[in-house]
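Residue numbers (our numbering), protein chains in the order written: chain D, 1 to 193; chain G, 1 to 193; chain P, 1 to 301.
To be clear, the hints were calculated from the coordinates, so they are not data collected in a lab. C-beta atoms are modelled at their ideal positions from N, C-alpha and C, and glycine is treated no differently. One thing to keep in mind: the hints can contain errors.
Restraint-style ranges between C-beta atoms, simulated for each label pair [to be verified]:
#1 D:A46 with G:R134: 49 to 57 Å
#2 D:L92 with G:E15: 20 to 28 Å
#3 D:Q101 with G:I170: 37 to 45 Å
#4 P:G179 with D:L92: 37 to 45 Å
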Amino acid sequence: MSAELADEKTSSAYEQLRPALEAILLVVDEPVTEQVLAQVLEAPQADISEAVVRLADEYTQEQRGFELRNVAGGWRIYTREQYAPYVERFVLDGQQTRLTQAALETLAVVAYRQPVTRARISGIRGVNCDGVMRTLLARGLVEECGSDNGGGYLYQTTPLFLEKLGLGSINELPPIAPLMPDTDAVDDVIAGD
Amino acid sequence: MSAELADEKTSSAYEQLRPALEAILLVVDEPVTEQVLAQVLEAPQADISEAVVRLADEYTQEQRGFELRNVAGGWRIYTREQYAPYVERFVLDGQQTRLTQAALETLAVVAYRQPVTRARISGIRGVNCDGVMRTLLARGLVEECGSDNGGGYLYQTTPLFLEKLGLGSINELPPIAPLMPDTDAVDDVIAGD
Amino acid sequence: MHGSNSQVSYGQHVTTEAALEPTSTPEETNPHRRASFQVRLTNFEGPFDLLLQLIHQHKLDVTEVALHQVTDDFIAHIRELGSTWDLDQATEFLLIAATLLDLKAVRLLPSAEVEDEEDLALLEARDLLFARLLQYRAYKQIARLVAEKIAAAGRRYPRDVSMEPRFTELMPEVLLGIGLDRFVLLAERALTPRQPPTVSIDHIHASKVSVREHAAILRDRLTRNGNSTFRALCSDCENTLEVVARFLALLELYREGVLGFEQVEALGELHVRWVGGDSDEPIEIDEYSGSPVTDDEESTL
Chain D
1 MSAELADEKT SSAYEQLRPA LEAILLVVDE PVTEQVLAQV LEAPQADISE AVVRLADEYT
61 QEQRGFELRN VAGGWRIYTR EQYAPYVERF VLDGQQTRLT QAALETLAVV AYRQPVTRAR
121 ISGIRGVNCD GVMRTLLARG LVEECGSDNG GGYLYQTTPL FLEKLGLGSI NELPPIAPLM
181 PDTDAVDDVI AGD
Chain G
1 MSAELADEKT SSAYEQLRPA LEAILLVVDE PVTEQVLAQV LEAPQADISE AVVRLADEYT
61 QEQRGFELRN VAGGWRIYTR EQYAPYVERF VLDGQQTRLT QAALETLAVV AYRQPVTRAR
121 ISGIRGVNCD GVMRTLLARG LVEECGSDNG GGYLYQTTPL FLEKLGLGSI NELPPIAPLM
181 PDTDAVDDVI AGD
Chain P
1 MHGSNSQVSY GQHVTTEAAL EPTSTPEETN PHRRASFQVR LTNFEGPFDL LLQLIHQHKL
61 DVTEVALHQV TDDFIAHIRE LGSTWDLDQA TEFLLIAATL LDLKAVRLLP SAEVEDEEDL
121 ALLEARDLLF ARLLQYRAYK QIARLVAEKI AAAGRRYPRD VSMEPRFTEL MPEVLLGIGL
181 DRFVLLAERA LTPRQPPTVS IDHIHASKVS VREHAAILRD RLTRNGNSTF RALCSDCENT
241 LEVVARFLAL LELYREGVLG FEQVEALGEL HVRWVGGDSD EPIEIDEYSG SPVTDDEEST
301 L
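Isolated chain D, as found in the complex:
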C-alpha cells in the first residue's frame, strides 16, 4: 500500500517534470548536467536523475527515432543509431549545400572583422548568430582561434574559405568602401560593449 502510494507520488512528479525537461533537452546543443536541470526546473536533483533515466527508457520502449543519451556527464538528444541511415541519406540528398543569405552575411562579417566574437557579430547583424555560426563551423568556413579578454571565443575564416573565394590570403579581400570614418567605434556602440 505504502509502496503504491510512493509510486503514485513519483509518477505525478515525473509527469510534471517531463514536458519541461523535454523542451529543454530539445534546444540544448551541449549535454546538460542534472545539476543545471535541477536548478532551472527548481526540482530536487534526485527527481531529475530519476526523470531523465525514465525518459530515456521511454524513448527506447516507444522506438522513437531519437534517444536521450548520457554523454560527458550530461544529457542530450541524439539520433537513434538504427535510424542514422535515413539521416545520412537526408544529408547526402544535398538539400543543404548552399549557404543561406544569413550565413553569407555572417561569413562576410567574420571575414572583415576577424578575429571576432559571436557577441560582436550578433551586435553587428542585429540578430542572434549562434545557429548560423554553427553552420559555418560545421561547413569548415570559420574556426575558433582563442578567446578575447572577456572569455568569449574568437573566430576567424579558414583556408577553405579563401579557396572558395579564390583568394591567396585574407589580405587579398578588397577593402570595403569607407562607409563610416570609424566603423569599429560604431560596432562597439551597437554591440553594447
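Model the placement of chains G and P on the given structure of chain D, informed by the hints.
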C-alpha cells in the same frame, strides 16, 4: 474485416515511417517539406502527409514538451509554448525588437492585399508608409515581387513572415471579410438613416 | 430582406464598443477630455486612427454622427495651443478637421431628398470615407492578431542544434553560390550600421535651407524639361528639410502662376507642369523664417 486489415496496414506503415521521420526532423534546421521527406524516405507523399499529421497529434496527446508544426510550407519540431520560460534560460534570442503598431498594420495590409503597391497601402492606412515599408523589407518580412502596370513596385510577404507568425501558409490567416462589411452594406446603412 | 440583415450586422459592428476600441487607454475615462486630447495626439497614426479614437471617445455611432461635438473640441484645442503648435501637428489637425467638417457638412444636409449633384457628391464622399474607415479598422484588428501570433510563435523555439559530427562529415561540399564581387557587396551591407531606433534631435540643429534657392533650382529644371513629378524634383534632396523647402518653393511658384499641378489620386504621384514660358524675368519668392541669411540681407535685419 477488410477495414480492419486496411487499418492494420496503415498502422504498420506509420509505425515504420515514424522513427525515420523523427530522426530526420531532429536534424533539420528549417521547416522540411513533405516532398523532401517523401524523397528521402522513399515513401508515397500521401503516406508522409498522413504520418506527419498523426505524429503531431501524438506529441500533443502525449503532452510532450515539444510539438511538430507545419510552418511556412514545411514541418519542424518546436518547443511547446507553455514551457518557454524554461527554454529561455538556454536560448536567448537577443535583440528581438518589437514591431511598431504602424509596422504591424502595414504588414496586415500587405498580407491580405498582396501583391500590393506602396501607394495602395498608404491609401488604406491614410498615411505614407515608405519608412515602415523600409523597416519591413530590412527585416525580411516583405519583399518586392515585380511591378504593376503603372510601374509601382509590388510587395508580398515572405516565408520568414509565415515562420514568424507560425503559419503554414498565408491561407491560414483568418478571413478579413467578417471584419470589413462590403461596400453594399455600407450603402445600405447610409441609405437607411 | 437581405439588405436589412446586413444593415443590422453592420450597425452592431460600428456601435459595439469593443469593436471600436483597439487603443483604449486609462486616459479614456478621464473626464477632462481636452487634457487627454494632447496625450492621444502625440501617438496616433494618421487621420483614420485619430478619427477612430475620437468616435470611440464620444461613444459615437457613426451613423448617428454627433460630430459637431468633436469638431468643437478640435477647434477649442487648436485655440488653446495658440501660437505654440508645430507644423507636423498643425497639418495633421487640418487634415482631420477637414475630414470632420466634411462629415458634418454632409450631416447637415436634408437626407431624404437629394437632388443636387453636389449633394450627391458629398454623400458619395461620406460613403467612401465610411468604407475607408471601416477598412482601416479591420486592418487594425488584424494587426492586433498578427502581433498576438508573432508573440506566440516567438515563444516556441525550433530545434536548432549542431548536427552530430558523423553527419556533418557526409555533407556535400558547401557552395558559396556567389563570387568575390557579391561577397564584398554583402560585407558592405552587413557592416553598415543599422540605425538604432532613437528619438531624432536632428531638427534642433538642422541646417538651414532657403526656399528662394530651391525655387531657383526648380525653375531651372522645369523650364528645361517642361514637366516633372514632385518625386523626381526631390530625388536629389539630402534631407526632409530640403524636400519641405522644395515643396514650399513649388507653392510659391504656383502662386506666381507659372506652375500647374495634377494629382490623380490621393497620395499618388504629384505631376508638376511649367506654364510660365521661358522668360528669365526674376520671380518674387518670399523667404521663410529661419532661412540662412545672405550677405545683402544682413543689413536689413
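We went through each hint and held it up to the structure:
1. D:A46 with G:R134: 49 to 57 Å: Between A46 (chain D) and R134 (chain G), where Cβ atoms are some 55 Å apart, the hint holds.
2. D:L92 with G:E15: 20 to 28 Å: Since L92 (chain D) and E15 (chain G) have Cβ atoms about 25 Å apart, the given range 20 to 28 Å holds.
3. D:Q101 with G:I170: 37 to 45 Å: violated (21 Å)
4. P:G179 with D:L92: 37 to 45 Å: Once the Cβ atoms are compared, 27 Å apart, the range 37 to 45 Å for L92 (chain D) and G179 (chain P) is violated.
Consistency note: the structure conflicts with the earlier hints numbered 3, 4.
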